[in-house]
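Residue numbers (this note's numbering), protein chains in the order written: chain H, 46 to 391; chain C, 46 to 391; chain G, 46 to 391; chain F, 46 to 391.
Please keep in mind that the hints were generated in silico from the structure rather than gathered at the bench.
Be aware that a few hints might be false.
If several chains are the same, the list does not tell them apart, and a pair holds so long as it fits within one copy or across any two.
Stated by the list, open to error - Each computed DSBU-like pair below joins lysine-lysine, with the alpha-carbon atoms no more than 30 Å apart: (1) 312 - 293; (2) 312 - 123; (3) 255 - 312; (4) 120 - 279; (5) 312 - 120; (6) 279 - 312; (7) 255 - 120; (8) 120 - 293; (9) 293 - 123.
Protein chains: 4
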Amino acid sequence: MAVTGSPELLIVMSAHATGDEVDDVVARLEEAGAHAHVTPGREATVIGAIGERELLAALPLEGFPGVDQVLPILKPYKLVSRELRPDPTVIEARGRRIGDHYFGLIAGPCTVEHRTQTLETARAVAASGASMLRGGAFKPRTSPYTFQGLGEEALTILAEAREETGLPLVTELMDPRHVEAVVDTADVIQIGARNMSNFSLLAEVGRARKPVLLKRGLSATLEELLMAAEYVVKEGNSRVILCERGIKTFETAMRFTLDIGAVPVLKQETHLPVIVDPSHAAGRRDLVLPLARAAVAAGADGIIVEVHPAPEEALCDGPQQIPAAEFEDFASEIRALCSLMGRVIG
Amino acid sequence: MAVTGSPELLIVMSAHATGDEVDDVVARLEEAGAHAHVTPGREATVIGAIGERELLAALPLEGFPGVDQVLPILKPYKLVSRELRPDPTVIEARGRRIGDHYFGLIAGPCTVEHRTQTLETARAVAASGASMLRGGAFKPRTSPYTFQGLGEEALTILAEAREETGLPLVTELMDPRHVEAVVDTADVIQIGARNMSNFSLLAEVGRARKPVLLKRGLSATLEELLMAAEYVVKEGNSRVILCERGIKTFETAMRFTLDIGAVPVLKQETHLPVIVDPSHAAGRRDLVLPLARAAVAAGADGIIVEVHPAPEEALCDGPQQIPAAEFEDFASEIRALCSLMGRVIG
Amino acid sequence: MAVTGSPELLIVMSAHATGDEVDDVVARLEEAGAHAHVTPGREATVIGAIGERELLAALPLEGFPGVDQVLPILKPYKLVSRELRPDPTVIEARGRRIGDHYFGLIAGPCTVEHRTQTLETARAVAASGASMLRGGAFKPRTSPYTFQGLGEEALTILAEAREETGLPLVTELMDPRHVEAVVDTADVIQIGARNMSNFSLLAEVGRARKPVLLKRGLSATLEELLMAAEYVVKEGNSRVILCERGIKTFETAMRFTLDIGAVPVLKQETHLPVIVDPSHAAGRRDLVLPLARAAVAAGADGIIVEVHPAPEEALCDGPQQIPAAEFEDFASEIRALCSLMGRVIG
Amino acid sequence: MAVTGSPELLIVMSAHATGDEVDDVVARLEEAGAHAHVTPGREATVIGAIGERELLAALPLEGFPGVDQVLPILKPYKLVSRELRPDPTVIEARGRRIGDHYFGLIAGPCTVEHRTQTLETARAVAASGASMLRGGAFKPRTSPYTFQGLGEEALTILAEAREETGLPLVTELMDPRHVEAVVDTADVIQIGARNMSNFSLLAEVGRARKPVLLKRGLSATLEELLMAAEYVVKEGNSRVILCERGIKTFETAMRFTLDIGAVPVLKQETHLPVIVDPSHAAGRRDLVLPLARAAVAAGADGIIVEVHPAPEEALCDGPQQIPAAEFEDFASEIRALCSLMGRVIG
């Protein structure tokens, strides 16, 4: 028998499945243009389905009588996969680069609170060699009673900070109705962890002409993160930076648990750059440096950290922001480790 | 000493905090109009802060030097809390009710696939005594390659099904830009689990004049669910139904783990009705009835279940939909248990 | 080609696997007496391995060059599986029964604190129709500074309570060196959640001649629970009662999250009786009744609840123990629901 | 008012608590020799309890009428805490050291399979500069059908490997009845993740005169790990090495999720050395080096890795063992990073 493709799916029939039930599954596969390769057995017959991935994914095989398990053999993503494109993607914004041997050092305030705080922070991080400036204009907050960001006013302040420092700007988009305002100002559009599964928003930035920094959802698997990136790339925007920012676990000593293993796993699965956000993972300033060092050592393509001139007065995430005055030391520790790892700040 | 309020926050200073650090915290609290009640100690000084909840929540106390922990004493939600309104809220749509002794039996297809499937299902569930009709027009899907729902065409079909059966319509809203179309057709607007933290969308339905069915996020705590409801109610819409639909755990035998304890906990915390979605929790048809029975026995105000005329042909969630032909038996089991619990289908 | 068995394992080779790597896997399978069924493909070759489960499980196939995934097709347990023994097991101790249509109502103090408290509780639960008496002599405690149980002295008190009430006794074994003392006194030996993976202890009770009540580990999957039961049964003791007692999740409103779906899933997978511990799951007295009702409605074969004459004086788990004076009402609610479900207290 | 201690506990009364209920709590605290500091309030009265930690921990305050929450202010561990002993503990075995600026490089086979494999691996790791030899004699296995280790025969082989290489020996103890045999042979006694809450075993090694390597439970918090260490130290053995080895999360790309943040958190909380096991965390050989590098960069005091002469023939954990031939390169990468971090192999 000539098998010309490899199975996309393995369908394991239950021990009690009848011959008719096996035939029904085969018939449905063939109806969908797929080839069915049956391995009959005493206990469990296994059917390999060979065909177009999209067509097979759409078949409701788990609902068929006699079907016990449907095991996908191939990865559900393709455009973002390293198999498709073995060379690492380098993403550029205003001449700064992330990916391959360029390490991105993105720093700035959690939130734009006012002009002085933002400009002061921007100057400090630029002076210490950061490669991009981060800053929140629209803030997703768990409570409707806490500060929600300055919105469009913040975008104006951030644009001024970019003007002065030359650093490209990373800022978050939360609502598809703000897409124009954010895309106009931002150099890199951030999609926050709470919006990783906001599929309308993903499709929207997939049509934008700016790179996207996509954060992993608070309890998303890496496969789900890659699928979210696939949503963006499928719409035409292949400039996506993935960001590990900590996941929910039972541990309470830190705000989230930084999944450091995500870095080598993602680097193996995808050609997209992978960065780490140690500030949100830790939620505690004293852990930001050890986690940032671990990120570099694990092979990350960059980090994104929060910096504030006076963290104890911050309106948001004060406990995890690094004082601007200490950022220089922080940056040189990172630079030394990058150098050992064969990287340069991009 | 006259204490006129009770502490909203307890601030535990670290063992090494200096007197100046304690004074700084007190000064900042008083600056914000709060009263600070200091309990000095050999190891850890504790400061109770008495004042306006919103003002205190905005203070970045965790970032202050010498502060070890900030413990909130009061719940972060208030409009949805049972303390504010001890009597249970009853929510009505086209004469059908959910809450107090009215049990909501919401049933219908996962997704509107075509006119026949939808009308057939609607008739079956109406005939068996369902009190509302569910059906998806816009579907959030993890993969960009799977069926995303028929969109506005589905809304027209659902409206026809309502016309014929008289059942009020529950359908999901995913994108703030669809709000008009969905609000025009739906009797109850569903916010899906993946959008529980989509704060723009929550605010949007908070301004709509239709009840909202709010599903718990896949790894959200009950407090986070109540805060999401608070977002909606704060905008003026107090007609919110909460829905437990299973959370992510390590267990793989079911798609999600139904948190049955969420029912009595939520009933105690809030005046809003609390329903259960056994179909999405289980992901397997054979578990839907036992989970639905458990929901009634635990005191839920309703259930929402998926029904399909031929689940093995469903384009979405086939394995968990109940065949329309079996819904009558299902409904009578639920009715018997409701009756033991002192409830009637609303 | 004559295939005489069904595959136990599917070995998915990576896209880059060479022909030699495929041949090596096949050779190793055949060396182990298994038959290898190769489905070659453009992207991923799949090898089905047909042979003795134990032999295949021992092969380190995941370590072979070119192997991408090893997918087990059959369940790893067999002695406890319903496929082996389709009829439900009924477990008897001193004439009381659990399983099939006998519902076990096990009640008693968390811990034996002193003679009076234990006897008083035993009388109250016996009078209200409990079918077995629980009580802890050895207590696993997270802190070395808290009360660890009265040990052998408690066993003597429990034996007296049994003498007086006639109720069979359920008590926990924690240390293989106490096995004789506990087995001598207990009618049912409890293995606590923290010892579910204490494989030496499991083997030990597998050699005892008393039924075993095996609690699910705090973050164990149902498959892991069934494997733990398999350890016991494999040593010759097939009288095992499984107990769902709540798992760790992110939710903090309850002590643990009762996985109510575990009941129908386990009932389907195994012939062993399945009971629920609502007291430890909830950690709060007010949730014990709703969770207990949910357990009955979901099809559990019994519940095990904590009762104390004066919970506010309890040395352990005070907040979750039901006052002895309220147990009669509790028991009659359970009895009414059992009756609707076609069960009788065994 | 003279407050002579700091509160150990804060007891938050519910909004509806009566004056009598407050008085009852105060009376019970004073009965236990504690001082009660009451902060009355409009909504929630808070009682600070000042007294002996052990006495307060034993009080069942959560069960008292009117009590809403009991918040412990001080850490539940003390002997292991850095507050008690600010200087880092250095642990020595046969002249090799772990802690402070000594980095432990522990390597060896997952399991002793036979003499040749063990001696060959021991020679390879010794030649590349490992500081200790690991090897399993007794293996905790989820399935009763898989290889359980060679037991005492393995101890003899390990002793021979130590004799030849001079490396101190780390091996696991699973059963209190093997304590003599293991303590006689081992230089460091390992307590595995599945036994972290086996309190009898912890007390047992607390009485042994050998250092203990204590692994974090699969879903244990860091506080629970520190409490387990407290069990050991309380019995008199203060030579405990803590080991982060990955925790269960929703992620499936790796076997466990390495909680890299555990390293800086533990280093801050305790004076005990903290090491990392990248092999068990990853479950995949290709991730062991990046995770090991991250551990060094995060400040770990050592790593423990699995090495095998021919991983594809290993009887256990083949996929995660590093080939002995590649260990030299591995060790030099670790050494280079240690040097940047100011550490030497101990």
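Each hint tested on the structure:
For a Cα distance limit of 30 Å, the shortest separation of residue 312 from residue 293 qualifies both inside one copy, at 22 Å, and across copies, at 22 Å. When the C-alpha separation of residue 312 and residue 123 is checked against a cutoff of 30 Å, the pair qualifies only within one copy, where the shortest distance is 15 Å, while the shortest distance between copies is 40 Å. Within a single copy, residue 255 and residue 312 get their C-alpha atoms as close as 22 Å, which meets the 30 Å cut-off; across copies the closest is 42 Å, which misses it. Only within a single protomer do residue 120 and residue 279 lie at most 30 Å apart by alpha-carbon distance; the minimum there is 16 Å, versus 38 Å between protomers.
For the homomeric pair residue 312 and residue 120, the shortest alpha-carbon distance inside one copy (15 Å) is at most 30 Å, but the shortest distance between copies (33 Å) is not. With identical chains, the CA atoms of residue 279 and residue 312 are at most 30 Å apart within one copy only, with a shortest distance of 20 Å there and 43 Å across copies. Taking identical chains as interchangeable, the C-alpha atoms of residue 255 and residue 120 lie at most 30 Å apart only when both belong to the same chain, with a minimum of 27 Å there against 41 Å between chains. Taking the shortest alpha-carbon separations for residue 120 and residue 293, both the intra-copy value of 25 Å and the inter-copy value of 21 Å come in at or below 30 Å.
Taking CA atoms no more than 30 Å apart as the test, residue 293 paired with residue 123 passes in both settings, with 27 Å inside one copy and 26 Å between copies.
Hint compliance for this structure: no hint is broken.
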